[in-house]
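Visitor: Same order as they appear, the protein sequences are chains S and P. Going by our numbering, the letters in the first sequence line up with residues 2 to 309, in that order. Going by our numbering, the letters in the second sequence line up with residues 2 to 309, in that order.
Heads up, a few of these hints could be off.
Since the list gives no way to pick out one identical chain from another, each pair is judged satisfied if it fits inside one copy or across any two copies.
The calculated lysine to any residue pairs, modelled on SDA-like cross-linking and capped at a C-alpha distance of 25 Å, are [as the list claims (entries may be wrong)]:
(1) K198 <-> G136
(2) K220 <-> G150
(3) K271 <-> T216
(4) K193 <-> R229
(5) K220 <-> Q122
(6) K285 <-> Q237
(7) K198 <-> T227
(8) K244 <-> Y287
(9) K50 <-> D83
(10) K188 <-> A273
(11) K271 <-> E161
(12) K285 <-> A273
(13) K198 <-> E125
Source of the hints: derived by calculation from the structure; they are not laboratory data.
Chain by chain, the residues run as shown.
Protein chains: 2
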Amino acid sequence: MSLNRIQVFAPASVANVGPGYDTFGFAIEHLGDVISLTKRSDSKLNILKSAGADLPTDPAKNVATVAIQSLLDSLDSQQGFDVHIKKLFKPGSGLGSSASSASGAVYAANKLLGEPYTDEQLLEFALDGEELASGMIHADNVAPSLLGGFQAVRSYEPLELFRIPTPEELRVLIIFPDVEVKTSEAKGLVPKELSVKEAREQWGNVGALIHAMHTADYKLMSHAITDRIAEPVRRQLIPHYGKVKQYAMDHGAVGFNISGSGPSMFALFKSAETAKSCMTEIEKVYQKADLPVMLNLSRINPNGCQVI
Amino acid sequence: MSLNRIQVFAPASVANVGPGYDTFGFAIEHLGDVISLTKRSDSKLNILKSAGADLPTDPAKNVATVAIQSLLDSLDSQQGFDVHIKKLFKPGSGLGSSASSASGAVYAANKLLGEPYTDEQLLEFALDGEELASGMIHADNVAPSLLGGFQAVRSYEPLELFRIPTPEELRVLIIFPDVEVKTSEAKGLVPKELSVKEAREQWGNVGALIHAMHTADYKLMSHAITDRIAEPVRRQLIPHYGKVKQYAMDHGAVGFNISGSGPSMFALFKSAETAKSCMTEIEKVYQKADLPVMLNLSRINPNGCQVI
Chain S
2 MSLNRIQVFA
12 PASVANVGPG
22 YDTFGFAIEH
32 LGDVISLTKR
42 SDSKLNILKS
52 AGADLPTDPA
62 KNVATVAIQS
72 LLDSLDSQQG
82 FDVHIKKLFK
92 PGSGLGSSAS
102 SASGAVYAAN
112 KLLGEPYTDE
122 QLLEFALDGE
132 ELASGMIHAD
142 NVAPSLLGGF
152 QAVRSYEPLE
162 LFRIPTPEEL
172 RVLIIFPDVE
182 VKTSEAKGLV
192 PKELSVKEAR
202 EQWGNVGALI
212 HAMHTADYKL
222 MSHAITDRIA
232 EPVRRQLIPH
242 YGKVKQYAMD
252 HGAVGFNISG
262 SGPSMFALFK
272 SAETAKSCMT
282 EIEKVYQKAD
292 LPVMLNLSRI
302 NPNGCQVI
Chain P
2 MSLNRIQVFA
12 PASVANVGPG
22 YDTFGFAIEH
32 LGDVISLTKR
42 SDSKLNILKS
52 AGADLPTDPA
62 KNVATVAIQS
72 LLDSLDSQQG
82 FDVHIKKLFK
92 PGSGLGSSAS
102 SASGAVYAAN
112 KLLGEPYTDE
122 QLLEFALDGE
132 ELASGMIHAD
142 NVAPSLLGGF
152 QAVRSYEPLE
162 LFRIPTPEEL
172 RVLIIFPDVE
182 VKTSEAKGLV
192 PKELSVKEAR
202 EQWGNVGALI
212 HAMHTADYKL
222 MSHAITDRIA
232 EPVRRQLIPH
242 YGKVKQYAMD
252 HGAVGFNISG
262 SGPSMFALFK
272 SAETAKSCMT
282 EIEKVYQKAD
292 LPVMLNLSRI
302 NPNGCQVI
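Next up, chain S with everything else stripped away, as it sits in the complex (with noise of 0.2 Å):
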């Protein structure tokens, strides 16, 4: 008897790392998109009513439809499906909401299917669906999302990736404050074209950044986390930004970035003990300034989807 009905956890994904620039991400726990589909009879793909979020309920515009299409046209597949997205956490945050769609969409579809495909080669359809809601395909979120960890990108033509240890003990705590960054703009901020000199500053951080991650180096780690490119023009639309930066890295972050094109930020922590403390302070900030913030502490997630 064939699987008729699935559910999937897609976890949400923090790119770019500081200076990895359309290079860098990682999976984390908690949050991300629980995706169930369930074959129909006929070819249909439908998209019901979403939790968590409004997105589009048009199979043509919707992330996660587009990536099965991909997907079933590969196989020229005529297998139709009910499609229902719970968004564990808000689109438009910085942690790759479309990535988490697209990713475990074309995962469960997958899995329907009988897996004709491996996870790896699940990527290329995920970014399709990804295209469509970017514009271009962002591997540093999908990449995590579908296959868990710390995951780089070596080339995007053709797609090569490949995964960075982490520590063990490694906590990251995701702060999303709750206000409105395109990423169409925040995009735009960034430059086009770079010194020889600032790209050398941001591959020796690349660089410097794996190689902590392969020896828990944390003093070079916490040197690495910097970024020419992004951060510089996009932090001014992140409400206290510099505030609670330097209280995290006053207080034991190891390091601290822009998530993706934000608002939300991550902070690396050496213990979970070291993140708590620090917390609590954070919410402080946000508390005084009326704004609604979340937090969400916990290890890079070694999985990518899986199913539930």
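Place chain P on chain S using the hints.
Guide: This is chain P only, laid out in the frame that chain S set:
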């Protein structure tokens, strides 16, 4: 009784290593400078006639004595030295000639002065010497020559380096066709600006090469040893570059690129045997063109300067 005379070997080095422009460098074996220092009874720095190359005898113009002077100044020392440099490779070959001289000189002087500094601390003095030669500092040659292994520069200001582990079996073939390429000319060809897209490609490869060295992933390594900045414009200065690279890559080389600003090239191999079978054919290419060529096969030298 304190030491009055010392002789050190300062290895030659391969900078850039494909994507790591001004960032990566590793030390090699066999080629380098043999630097002999003898304490004088006065405060004079005296350059003896060098062997293997005509080097400046004015102590204000020789990288070795400029580097030693910087070390002496920081100690407020009046100690004079006779300095003899024997070059085991040709200056201007793209193997960090001035970096070897500067590194060996400060390493030797520090020993004769009773080791007031650690090897890592000597870096800044060696860089002062190197700055004289190239008009800017190149830690990517000086660091491996002084400290050994595969070194990466995270940051120039402040200077911070880290050492990348390399697979034990890895072998480096140096190919030096005896034509002159002025560093200043080679530098002039390199673009001053990069698009963010080009820069991202470069740091994707920088990151991938570090990861590949950590994990001995030779497939990733071979993809990562590529360069968007210097190789496209400098290869034209090196006779038969395309032909020799193609031959090496078709016959087992894991990676091939320009060493520093050339004309030397380097090729990495998984074993000495694979490298040796390539050497004969590469020699033939240059014999046929009636161009002298020097080949050197070695490990990545785990040691920097050493007393001999």
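Visitor: Indicate, hint by hint, whether the structure satisfies it.
Guide: To see whether the hints hold, each was checked on the structure:
1. Only between protomers do K198 and G136 lie at most 25 Å apart by alpha-carbon distance; the minimum there is 15 Å, versus 29 Å within a single protomer.
2. In the homo-oligomer, the alpha carbons of K220 and G150 lie at most 25 Å apart both inside one protomer (21 Å) and across protomers (21 Å), since each shortest distance falls under that limit.
3. In this assembly of identical chains, K271 and T216 lie within 25 Å of each other by CA distance both inside one copy and across copies; the values are 14 Å within and 24 Å between.
4. For the identical chains of this complex, K193 and R229 are neighbours both inside a copy (12 Å) and across copies (17 Å), given an alpha-carbon limit of 25 Å.
5. Taking the shortest Cα distances, K220 and Q122 sit within 25 Å of each other only across copies (18 Å), while inside one copy they are farther apart (36 Å).
6. In this assembly of identical chains, K285 and Q237 lie within 25 Å of each other by CA distance solely inside one copy; the values are 20 Å within and 61 Å between copies.
7. For the identical chains of this complex, K198 and T227 are neighbours both inside a copy (15 Å) and across copies (19 Å), given an alpha-carbon limit of 25 Å.
8. When the C-alpha separation of K244 and Y287 is checked against a cutoff of 25 Å, the pair qualifies only within one copy, where the shortest distance is 11 Å, while the shortest distance between copies is 62 Å.
9. With identical chains, the CA atoms of K50 and D83 are at most 25 Å apart within one copy only, with a shortest distance of 10 Å there and 84 Å across copies.
10. Proximity of K188 to A273 under the C-alpha cut-off of 25 Å is found in neither arrangement, the shortest distances being 32 Å within a copy and 48 Å between copies.
11. Taking the shortest alpha-carbon separations for K271 and E161, only the inter-copy value of 22 Å comes in at or below 25 Å, while the best intra-copy value is 30 Å.
12. Taking the shortest Cα distances, K285 and A273 sit within 25 Å of each other inside one copy (19 Å), while across copies they are farther apart (62 Å).
13. Taking CA atoms no more than 25 Å apart as the test, K198 paired with E125 passes between copies only; the shortest distance there is 20 Å, against 34 Å inside one copy.
When the structure is compared with the earlier hints, a violation turns up for hint 10 alone.
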